[in-house]
Amino acid sequence: MRMSTRAKTAVLAVVIVLVSAGVPSPTRSADPGPIKVALLAPTSGSAAAAGHDMVAGWQLFWKEHGGKVAGRTVETVVYDTASNPTHALDQARHAVEADGAQMIVGPYLANEGLAVAPYAVQHRIPLFLPTVSADDLSQRQASAFVIKVAGWSSSLPTHVAGVWAYEQGYRKVVTLANSYAFGYENAGGFAQTFAQKGGKITDQIWAPLGTADYTPYISRIQAAAPDALFVEMVGADAVHFLQQWSSLGLKSKIPLIANETTTDQSNIRSISPEIVEGITSFGHFAEGRDTPATRAFIDKYGKAEGVLPSYMATSFYTAAQWIAQAIENVHGNTGDVGTLLQAVRQIKLADSPFGPMTLDQYGCPLENVYVRRVTATTGDAAKYAKTWNVVTKTYPHVSQFWTWKPSDYLKQPVYSPSYQGYTK
Amino acid sequence: MTLQRRWLIAAGAGFIVALVLPRVGVPTFYISLLTQAWIYAIVAMSLDLLVGFTGLVNFSQAALFGVGAYAVAIAATRYHVVDFFPVVCIGIIAAVVTAAIFGLVALRSEGVGFIIITIALNEIVWGLAYQWVSVSGGDNGITGIVRPPVGPFDVSANTGYYYVCLAFFVISLILLSIIVRSPFGLVLKGVRETPRRMRALGYNVWLYRYFAMMISAGFAGLAGVLFAWYNQFVGPTSLSLDQSTQILIMVILGGIGTLYGQLFGALVVVFLSNELSAVTQRWEMVLGVVYFVVVMYAPGGLVVLVPRLWARLRGLRPAVERT
Chain E
1 MRMSTRAKTA VLAVVIVLVS AGVPSPTRSA DPGPIKVALL APTSGSAAAA
51 GHDMVAGWQL FWKEHGGKVA GRTVETVVYD TASNPTHALD QARHAVEADG
101 AQMIVGPYLA NEGLAVAPYA VQHRIPLFLP TVSADDLSQR QASAFVIKVA
151 GWSSSLPTHV AGVWAYEQGY RKVVTLANSY AFGYENAGGF AQTFAQKGGK
201 ITDQIWAPLG TADYTPYISR IQAAAPDALF VEMVGADAVH FLQQWSSLGL
251 KSKIPLIANE TTTDQSNIRS ISPEIVEGIT SFGHFAEGRD TPATRAFIDK
301 YGKAEGVLPS YMATSFYTAA QWIAQAIENV HGNTGDVGTL LQAVRQIKLA
351 DSPFGPMTLD QYGCPLENVY VRRVTATTGD AAKYAKTWNV VTKTYPHVSQ
401 FWTWKPSDYL KQPVYSPSYQ GYTK
Chain P
425 MTLQRRWLIA AGAGFIVALV LPRVGVPTFY ISLLTQAWIY AIVAMSLDLL
475 VGFTGLVNFS QAALFGVGAY AVAIAATRYH VVDFFPVVCI GIIAAVVTAA
525 IFGLVALRSE GVGFIIITIA LNEIVWGLAY QWVSVSGGDN GITGIVRPPV
575 GPFDVSANTG YYYVCLAFFV ISLILLSIIV RSPFGLVLKG VRETPRRMRA
625 LGYNVWLYRY FAMMISAGFA GLAGVLFAWY NQFVGPTSLS LDQSTQILIM
675 VILGGIGTLY GQLFGALVVV FLSNELSAVT QRWEMVLGVV YFVVVMYAPG
725 GLVVLVPRLW ARLRGLRPAV ERT
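Protein chains in written order, with my numbering: chain E, 1 to 424; chain P, 425 to 747.
The hints are simulated quantities; they were obtained by calculation from the structure and are not laboratory data. Errors might be hidden in some of the hints.
[Unchecked claim] Where chain E lies over chain P, by a calculated footprint (3+ residues, C-beta under 8 Å):
no.	stretch
1	534-542
2	551-557
3	650-660
4	704-714
[As the list claims (entries may be wrong)] Some chain P residues well away from chain E (every beta-carbon gap over 10 Å; in silico):
no.	residue
5	Leu445
6	Phe453
7	Tyr454
8	Ser456
9	Ile517
10	Ile548
11	Asp578
12	Tyr627
13	Phe635
Note that the structure is predicted; figures quoted are calculated from it, not measured. C-beta: ideal position from N, C-alpha, C; glycine also.
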């Protein structure tokens with residue numbers, strides 16, 4: 001028996017209408033249902049590797065805890081931001097308005113975070129930012145709804161780096177950073193405290209994100225012959241830079257003061273050890289930190305993923321732990337946004353894979369900053385990676401405002417190419 | 425005659441449906457996606473004026489769209505010009521002026537040369553948005569753009585803004601339809617078909633193309649303005665080459681040279697990219713396959729499918745089907 005074309009088309013049309021209109025409306029009952037969390041992560045696009053780590057860290061925690069907290073199921077939906085702020089915003093709308101998400105965790109990139117934040121504030125949805133480090137989201141644009149849970153501000157570790165560099169006896173330093181907000185803020189944090197101590201920034205180089213050939217920049221640095229180079233790189237840029245820095249023979253000539261991302265585990269795991277060993281960097285995370293909390297986490301993560309965790313994975317694991325504890329404290333009653341936010345703000349992690357963490361009133365953690373050195377892995381970690389970042393010095397309880405009074409610090413503009421915190 | 429009438433009825437019915445949608449309990453998220461589709465449809469139609477009616481494949485449409493969007497952001501955050509109609513005018517003028525400069529450079533060549541130059545121009549504007557931090561906010565873009573009221577109407581909520589964008593879409597569609605049917609539009613079609621013959625007939629082909637680019641830019645700039653208010657944020661990705669390509673995809677999907685078809689192109693791209701990315705991580709691949717299938721099996725765009733489907737439903741043209 002064959003259906004006529006007309007009948008087939010009619011059936012098709014009916015099916016389309018039913019599928020598009022036939023979403024059943026949920027029946028109301030006493031059961032509050034699952035806690036819906038939207039995890040915004042770039043699982044495609046330029047930052048896909050980071051997105052993968054974020055999801056892995058988050059899910060590792062919930063797998064350990066059976067996906068439940070305070071007797072309620074936590075339902076996480078991962079939304080792909082495609083490394084694009086406009087798409088991130090679309091996904092936030094989808095999560096909140098179509099899927100009823102009660103909170104947003106993520107996204108990854110600063111520009112994604114800045115796009116999503118006003119939306120979250122407008123819709124009174126808690127936005128937790130474990131990796132978005134844009135200074136202003138916890139400074140000049142701080143909001144009650146936006147909290148850098150287990151997060152950081154870009155210039156927080158580099159303020160420390162500037163002071164440290166001066167104490168090492170460096171007086172003339174060149175900075176090299178990617179020409180976007182994260183680079184400006186990393187370099188600015190360093191430049192401001194270094195110059196304030198009396199050091200001289202002799203040159204500041206901005207390289208476009210996605211530069212494959214750093215040779216011209218490296219020649220310029222060589223010509224300037226500084227005492228040290230401050231460098232901020234992310235992802236593939238970090239890998240390219242470190243390889244070229246070493247192969248052009250500068251690694252043994254000019255000391256590097258790297259930011260957190262340059263020597264993050266996600267980058268150094270793909271580079272041969274002699275290229276990276278001995279490099280000093282500054283971060284709020286060090287996978288080689290020798291304490292029970294960090295060791296336990298890298299061990300778990302290694303077993304699950306077969307590699308050592310990046311700071312992105314660690315941030316999302318710790319954020320999950322943090323948020324779970326807050327939900328526990330409000331007895332699973334996440335309906336009242338104000339109470340939930342307050343509970344999140346009151347959490348004090350005595351120790352975490354990052355170390356102790358508490359929030360300041362602007363929504364950024366007070367946290368340890370580690371002076372880190374890349375060395376060969378030892379013990380169990382050697383199963384998962386050849387090199388890692390170990391701690392050579394700890395600056396405890398560092399504020400995003402370093403030693404300034406917040407009100408004074410906030411009077412200066414956010415770091416940009418035209419404002420780096422010192423007079424040229 | 426009857427065909428045209430049928431289209432008018434369909435358009436009227438569509439318009440009424442669009443008017444009542446927010447009133448019949450469609451979730452705000454879908455209202456918000458439809459709003460986005462109206463906006464993208466305007467910029468896709470503006471590109472169709474060039475691709476479909478003038479024969480210029482312009483890859484810098486996102487730059488003009490973005491100039492409109494940045495104009496809103498800069499006017500609002502730096503100069504505190506926030507009123508609705510003045511800002512719309514500023515956005516349109518900014519885009520037209522940009523196109524006037526683009527045209528001087530790009531129209532020195534035709535065909536592939538034109539495409540390459542427009543790609544380069546788009547990259548230049550993107551580079552400015554990305555690197556000129558003191559003006560554009562760089563990679564972070566500009567946030568804090570507030571939707572102003574339209575006269576007495578508050579449009580800060582999704583529904584109000586939906587009607588604003590719908591109105592501008594309808595106005596743009598009508599204006600562009602008038603333009604392409606006018607003597608000016610007929611000359612554009614002549615330029616598209618045989619520029620050499622038009623030259624021989626004494627038409628200044630360069631000037632017609634130049635005007636077409638500026639008119640097109642006006643609509644692209646308008647869409648950019650609406651887009652900036654829609655997202656309440658502007659960043660360099662809204663004027664990237666990717667965005668230009670996406671606008672061109674909407675034109676191709678919808679049906680080159682149809683204008684109204686661009687609405688379907690915009691709807692498909694907006695809805696698919698939002699819905700698919702929630703379903704699968706490989707959504708961009710699926711999108712690619714969809715585009716491929718449409719171009720292979722409906723090279724005239726989605727609009728040719730509508731009458732075909734309609735005819736089949738009414739049993740008028742069952743013979744067309746091949747088995």
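Residues of the stretch 534-542 of chain P with Cβ under 8 Å from chain E, three needed, outcome: violated (count 0)
Stated coverage of the stretch 704-714 of chain P by chain E [criterion: 3+ residues, CB within 8 Å]: holds (count 3)
P/Ile548 non-interfacial with respect to chain E [C-beta, more than 10 Å]: Nearest chain E Cβ is 14 Å from P/Ile548, so the label holds.
Separation of P/Ser456 from chain E, once the least beta-carbon distance is taken, above 10 Å: 6 Å, violated
Separation of P/Phe453 from chain E, once the least beta-carbon distance is taken, above 10 Å: 3 Å, violated
Minimum Cβ-Cβ distance from P/Asp578 to chain E exceeds 10 Å: 14 Å, holds
Status of P/Tyr627, Cβ more than 10 Å from any chain E Cβ: Per Cβ check, P/Tyr627 is outside 10 Å of chain E; nearest 40 Å; holds.
Given as non-interface: P/Tyr454, partner chain E, CB spacing beyond 10 Å: 7 Å, violated
Outcome, coverage of the stretch 650-660 of chain P by chain E - at least 3 residues whose beta-carbon is closer than 8 Å to one in that chain: Satisfied; 4 residues make the cut.
Distance rule for P/Leu445, whose beta carbon must clear each one in chain E by more than 10 Å: At roughly 13 Å from the nearest Cβ of chain E, P/Leu445 sits farther out than 10 Å, so the non-interface label holds.
Check on P/Phe635 being off the interface with chain E, judged by Cβ distance over 10 Å: 31 Å, holds
Within 8 Å of chain E's CB atoms, at least three CB atoms from the stretch 551-557 of chain P: coverage verdict: Coverage by chain E holds here, the residue count being 3 at a Cβ distance below 8 Å.
Violated hints, in rising order: 1, 6, 7, 8; the structure is consistent with all others.
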